[in-house]
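Number of protein chains: 4
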Amino acid sequence: MCRWMAWHGQPVLVEELLFKPEHGLIDQSLHSRMGAETTNGDGFGLGWYGTGEGPGVYRSIEPAWGDANLRHLAGHIESPLFLAHVRATSGTAIQETNCHPYDHGRWLFVHNGLINEFHELRRELMLAVDPALFADIQGSTDSELLFYLALTNGLEEDPLAALERTIGFVEAMADRHGIEHAVQASIGVSDGERLWAVRYSTEGRSRTLFASADAHALKQLHPENPRLQRLRDDDRLVVSEPFADLPGAWHEIPEATALTVLPGGTHELRPFRPLAG
Amino acid sequence: MCRWMAWHGQPVLVEELLFKPEHGLIDQSLHSRMGAETTNGDGFGLGWYGTGEGPGVYRSIEPAWGDANLRHLAGHIESPLFLAHVRATSGTAIQETNCHPYDHGRWLFVHNGLINEFHELRRELMLAVDPALFADIQGSTDSELLFYLALTNGLEEDPLAALERTIGFVEAMADRHGIEHAVQASIGVSDGERLWAVRYSTEGRSRTLFASADAHALKQLHPENPRLQRLRDDDRLVVSEPFADLPGAWHEIPEATALTVLPGGTHELRPFRPLAG
Amino acid sequence: MCRWMAWHGQPVLVEELLFKPEHGLIDQSLHSRMGAETTNGDGFGLGWYGTGEGPGVYRSIEPAWGDANLRHLAGHIESPLFLAHVRATSGTAIQETNCHPYDHGRWLFVHNGLINEFHELRRELMLAVDPALFADIQGSTDSELLFYLALTNGLEEDPLAALERTIGFVEAMADRHGIEHAVQASIGVSDGERLWAVRYSTEGRSRTLFASADAHALKQLHPENPRLQRLRDDDRLVVSEPFADLPGAWHEIPEATALTVLPGGTHELRPFRPLAG
Amino acid sequence: MCRWMAWHGQPVLVEELLFKPEHGLIDQSLHSRMGAETTNGDGFGLGWYGTGEGPGVYRSIEPAWGDANLRHLAGHIESPLFLAHVRATSGTAIQETNCHPYDHGRWLFVHNGLINEFHELRRELMLAVDPALFADIQGSTDSELLFYLALTNGLEEDPLAALERTIGFVEAMADRHGIEHAVQASIGVSDGERLWAVRYSTEGRSRTLFASADAHALKQLHPENPRLQRLRDDDRLVVSEPFADLPGAWHEIPEATALTVLPGGTHELRPFRPLAG
Numbered sequence: 019m020c021r022w023m024a025w026h027g028q029p030v031l032v033e034e035l036l037f038k039p040e041h042g043l044i045d046q047s048l049h050s051r052m053g054a055e056t057t058n059g060d061g062f063g064l065g066w067y068g069t070g071e072g073p074g075v076y077r078s079i080e081p082a083w084g085d086a087n088l089r090h091l092a093g094h095i096e097s098p099l100f101l102a103h104v105r106a107t108s109g110t111a112i113q114e115t116n117c118h119p120y121d122h123g124r125w126l127f128v129h130n131g132l133i134n135e136f137h138e139l140r141r142e143l144m145l146a147v148d149p150a151l152f153a154d155i156q157g158s159t160d161s162e163l164l165f166y167l168a169l170t171n172g173l174e175e176d177p178l179a180a181l182e183r184t185i186g187f188v189e190a191m192a193d194r195h196g197i198e199h200a201v202q203a204s205i206g207v208s209d210g211e212r213l214w215a216v217r218y219s220t221e222g223r224s225r226t227l228f229a230s231a232d233a234h235a236l237k238q239l240h241p242e243n244p245r246l247q248r249l250r251d252d253d254r255l256v257v258s259e260p261f262a263d264l265p266g267a268w269h270e271i272p273e274a275t276a277l278t279v280l281p282g283g284t285h286e287l288r289p290f291r292p293l294a295g
Numbered sequence: 019m020c021r022w023m024a025w026h027g028q029p030v031l032v033e034e035l036l037f038k039p040e041h042g043l044i045d046q047s048l049h050s051r052m053g054a055e056t057t058n059g060d061g062f063g064l065g066w067y068g069t070g071e072g073p074g075v076y077r078s079i080e081p082a083w084g085d086a087n088l089r090h091l092a093g094h095i096e097s098p099l100f101l102a103h104v105r106a107t108s109g110t111a112i113q114e115t116n117c118h119p120y121d122h123g124r125w126l127f128v129h130n131g132l133i134n135e136f137h138e139l140r141r142e143l144m145l146a147v148d149p150a151l152f153a154d155i156q157g158s159t160d161s162e163l164l165f166y167l168a169l170t171n172g173l174e175e176d177p178l179a180a181l182e183r184t185i186g187f188v189e190a191m192a193d194r195h196g197i198e199h200a201v202q203a204s205i206g207v208s209d210g211e212r213l214w215a216v217r218y219s220t221e222g223r224s225r226t227l228f229a230s231a232d233a234h235a236l237k238q239l240h241p242e243n244p245r246l247q248r249l250r251d252d253d254r255l256v257v258s259e260p261f262a263d264l265p266g267a268w269h270e271i272p273e274a275t276a277l278t279v280l281p282g283g284t285h286e287l288r289p290f291r292p293l294a295g
Numbered sequence: 019m020c021r022w023m024a025w026h027g028q029p030v031l032v033e034e035l036l037f038k039p040e041h042g043l044i045d046q047s048l049h050s051r052m053g054a055e056t057t058n059g060d061g062f063g064l065g066w067y068g069t070g071e072g073p074g075v076y077r078s079i080e081p082a083w084g085d086a087n088l089r090h091l092a093g094h095i096e097s098p099l100f101l102a103h104v105r106a107t108s109g110t111a112i113q114e115t116n117c118h119p120y121d122h123g124r125w126l127f128v129h130n131g132l133i134n135e136f137h138e139l140r141r142e143l144m145l146a147v148d149p150a151l152f153a154d155i156q157g158s159t160d161s162e163l164l165f166y167l168a169l170t171n172g173l174e175e176d177p178l179a180a181l182e183r184t185i186g187f188v189e190a191m192a193d194r195h196g197i198e199h200a201v202q203a204s205i206g207v208s209d210g211e212r213l214w215a216v217r218y219s220t221e222g223r224s225r226t227l228f229a230s231a232d233a234h235a236l237k238q239l240h241p242e243n244p245r246l247q248r249l250r251d252d253d254r255l256v257v258s259e260p261f262a263d264l265p266g267a268w269h270e271i272p273e274a275t276a277l278t279v280l281p282g283g284t285h286e287l288r289p290f291r292p293l294a295g
Numbered sequence: 019m020c021r022w023m024a025w026h027g028q029p030v031l032v033e034e035l036l037f038k039p040e041h042g043l044i045d046q047s048l049h050s051r052m053g054a055e056t057t058n059g060d061g062f063g064l065g066w067y068g069t070g071e072g073p074g075v076y077r078s079i080e081p082a083w084g085d086a087n088l089r090h091l092a093g094h095i096e097s098p099l100f101l102a103h104v105r106a107t108s109g110t111a112i113q114e115t116n117c118h119p120y121d122h123g124r125w126l127f128v129h130n131g132l133i134n135e136f137h138e139l140r141r142e143l144m145l146a147v148d149p150a151l152f153a154d155i156q157g158s159t160d161s162e163l164l165f166y167l168a169l170t171n172g173l174e175e176d177p178l179a180a181l182e183r184t185i186g187f188v189e190a191m192a193d194r195h196g197i198e199h200a201v202q203a204s205i206g207v208s209d210g211e212r213l214w215a216v217r218y219s220t221e222g223r224s225r226t227l228f229a230s231a232d233a234h235a236l237k238q239l240h241p242e243n244p245r246l247q248r249l250r251d252d253d254r255l256v257v258s259e260p261f262a263d264l265p266g267a268w269h270e271i272p273e274a275t276a277l278t279v280l281p282g283g284t285h286e287l288r289p290f291r292p293l294a295g
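Here the protein sequences come in this chain order: A, B, C and D.
For my numbering, add 18 to where a residue sits in the first sequence, where the first one is 1.
For my numbering, add 18 to where a residue sits in the second sequence, where the first one is 1.
For my numbering, add 18 to where a residue sits in the third sequence, where the first one is 1.
For my numbering, add 18 to where a residue sits in the fourth sequence, where the first one is 1.
Since the hints were derived computationally from the structure, they do not count as laboratory data.
The structure displayed is predicted, hence computed values, not measured ones.
Glycine included, each C-beta is placed from N, C-alpha and C at the ideal position.
One thing to keep in mind: the hints can contain errors.
According to the in silico footprint, chain B covers these stretches of chain D (three or more CB under 8 Å from chain B) [said to hold, decoys possible]:
1) 47-60
2) 70-82
3) 104-114
Short, incomplete list of chain B residues facing chain A, as computed with Cβ under 7 Å [as the list claims (entries may be wrong)]:
4) A111
5) Q113
6) T115
7) H137
8) R140
9) R141
10) P149
11) F152
12) A153
13) Q156
14) S158
Extracted from the complex, chain A is given alone in its bound form:
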């Protein structure tokens, strides 16, 4: 059910990380190894910061592996911060407005996971969205709704606190409806300067999430790999599942944990604890 990746570091051509790594995200769209589904072919999206105001976004309902435009764009867009996502729908329609990343102002949001029994909770969750934001909801996914609830809960001021409030709110509502395992999530968020990544699920068995190790250690480990030799200390990659050509390069983000990456590459992990309403 979806795979994603995020880059925060030196400006690179998107294709360097999207297409060229062995078992990169495009390969994962066909052959995911750690995902709930092998195939992530129900659309995809790329959101990037660079030239122009706010993030650029390209979304399509075709499988990422076969999209000729994505290949062209990835080879001609350079960015110091981008997120990409390949989708496997859990039931909602296959349409561009249901493809990640979702954007709002300067913000991008990707999600791998689900709200359990979403069909039953959808209405009540929508009512909790700030009325001033409500009419901007364009698609029909649980993921987009999580984004709008997080915006309602202050994402733009304190992203992690807003996500903790949002997920706590969903868990409390699910609880009232007798629904177990309310939220399953790995989430990526950015405002164009910072990057946040969260791994959390109500049942404590979350989708996988990994961050790249220090460039220095990686270069020593793989002196023969030119891609790694170009890495700088402030480069950071976050992925649903590791690229195959970087063994030893990944730290698994623990359960119920949030990663923050700041400009300059400073990064820190801290516990992620949903707050009930």
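Place chains B, C and D on chain A using the hints.
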């Protein structure tokens, strides 16, 4: 802003009415003469009754004039009752879930027009949808919401009364928000046996709507037209704007009026009067 | 690299065979077990005979598993003879004109396999197409070209002989270019009355192909299966790989063999021997 | 039948010229005033030079006016040289491989017009393509074939001479077939440094084509227009029909004439005279 047609009568190949008439609906998708927009190229849909349970539906976001599949389907689907719609968006996304006809159980629904200042009213209108129906809303249009409000208001028991309640409700809400000209509408509805068509707008200047005249009169008027000579007394066609090859064949449906067509071709006009909530 | 199925028998709703069987073609589009590729998500097509002149065709570049229109059409189109195909491209563009079945007049054609080193042979093969047919070639696949070469070689008079000449011609040309394993193919062809299925490859290791067993034997084998109990003696199903819910129901079509199914269900196997030029 | 534009000058966000001008290309996709067709909704394409190797290309079969991705890309891609095209098909399939600009190596090519009776000439024209290039032809349009014939005739060495040879060749072939008015064309070509624009038709009544006037004159003419005040002497815009907000800004390129724009903005007109084969 959209054009549509509906057929109720003897079983015909869809192409007979969709593609073959001069200035038929496909031509209107490129060159509408009476619509608010000349071009209706933001997707289309065909809903028909025939083989299989409930209505079949084919929707696409490509312009109707160029869709190779539509041409094929129209040449191979026969139906005694179908509705077709070409769309010109008033701002909501171009995606299949925003294409008419909308379907629910045995029901089909098409709409030409709009809810004024929909962005402002959307949330409140959605709250008025029956919670048991809410999660089935798939798209983001004002038209689909009108359909779900009508279902909430008893469309399946008394379609015209439900539409009068629905439009009255929207007008009352718009009034509270200081919004003028709340609803602009020509609407087609069917349950597979009967067909209803409504022409109404708050400002009293509604989109055009026409019904075909009696077969008998038409045959006398155009003894040379083979298409007309095949018409039977119980055949009825409703269109946003007349097909060019049937001069004299059309009765304009008056302002604030509803047409009902019953099995056997019985039909009647009656006033359409929205009821405030 | 592609999976297909064909039905020749009593009129059925397409969904009965396309969606309802366990591990049917739609499931094979996601999880093929015997194909060269697990995923067949690069478009699909359905061609059927029934109402209207010649075959109806619906093709799309979206994966078959997620296409809302296909689900609707399959539930509302009834046919005594249809072919369906899910595609995994071997390199040519993902576009409707590259989706099977290809149609010409009353004829439908599906192919699973490839012409080896097609890029090198394409021009010479195209030159061999009847100039009167040439301009009707719409796509860019090796499969469509096989179809047009077979039409050139008399497909409409004697399909199996035409296919033997066509494949023999391709093999001879590949030989001149020093290309091994020229053709890999399972092919389905119909004119709306008869159905032909061929299993052949130059190297003698062809893609799998199966035909359903006699209805009588099947009913005795699975008295509990209502789908099978509805089978009639003249019903025949041909598939790239067996549906899971019909164990014992399938006869593998041997290497280098052609199956012919005639109206009334008469069927026969005979060797398939390409004829050099 | 198609509209296009090309920019050669200072780096600009694509949206500045594609979306912001009154009656710019996107508006022309809906409401062309000078084209053979009012609507150009059968797909579009954007090709640009900038970051990355060779040109980037984005093509889609949806109408340009409604494509959310195009709007995003235009707002986030900056380029000193780009071509955009909106398509109205003269019969060939609506698919991405039929959308302009076509690309080959560093080269981009757009065309407005047609080869008359293309269906009859297609095979013979394809045979004239360099066999080494043949297999790269991906679509089925007359325009792509003109591009490949021009490549065959030396486009990469001397573009205008190659186009003269190509069109002369087509005219001679049409003549042999008794086909009048062989070629109708406005053509844009670039290698990423230079831009060529040709206006020519066999019958001497070519599609319109305009180039922008000197920046200096324009600034004096419209001191109140901030877009114009940003223009530099070396900026040059070529368009099928003028943008409405720049009256006096355009020079019509005469019949049978070719424009060359060099780096630095040097530009010159010269006669365009097809050479018979």
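Going down the list of hints, with the structure as the test:
Interface restraint, the stretch 47-60 of chain D with chain B: holds (6 residues with C-beta to C-beta distance below 8 Å; minimum three). Given a C-beta distance limit of less than 8 Å, the hint that chain B covers the stretch 70-82 of chain D holds, as 3 residues qualify and 3 suffice. For the stretch 104-114 of chain D, the stated coverage by chain B holds: 3 residues have a C-beta nearer than 8 Å to a C-beta of that chain, and at least 3 were required. Restraint check, A111(B) versus chain A: the minimum CB separation of about 5 Å is within 7 Å; hint holds.
With 7 Å as the threshold, the beta carbon of Q113(B) comes within range of chain A, its nearest partner Cβ sitting at about 4 Å, so the hint holds. Hint status for T115(B): holds, given a least beta-carbon distance of 5 Å to chain A, under 7 Å. Because the smallest distance between the Cβ of H137(B) and any Cβ of chain A comes to about 5 Å, under 7 Å, the interface hint for this residue holds. The restraint placing R140(B) at the interface with chain A holds, with a minimum CB-CB distance near 5 Å, inside the 7 Å limit.
The beta carbon of R141(B) comes within 4 Å of a beta carbon in chain A, closer than 7 Å, and the hint placing it at the interface holds. Below 7 Å, beta-carbon pairs count as interface contacts, and P149(B) has one with chain A at about 5 Å; its hint therefore holds. Using the Cβ-Cβ criterion of 7 Å, the hint placing F152(B) at the interface with chain A is satisfied: the shortest such distance is roughly 4 Å. Look at A153(B): its Cβ gets to within about 5 Å of chain A, closer than 7 Å, so that hint holds up.
Given the 7 Å rule on beta carbons, the hint for Q156(B) holds: about 6 Å separates it from the nearest Cβ of chain A. Hint status for S158(B): holds, given a least beta-carbon distance of 6 Å to chain A, under 7 Å.
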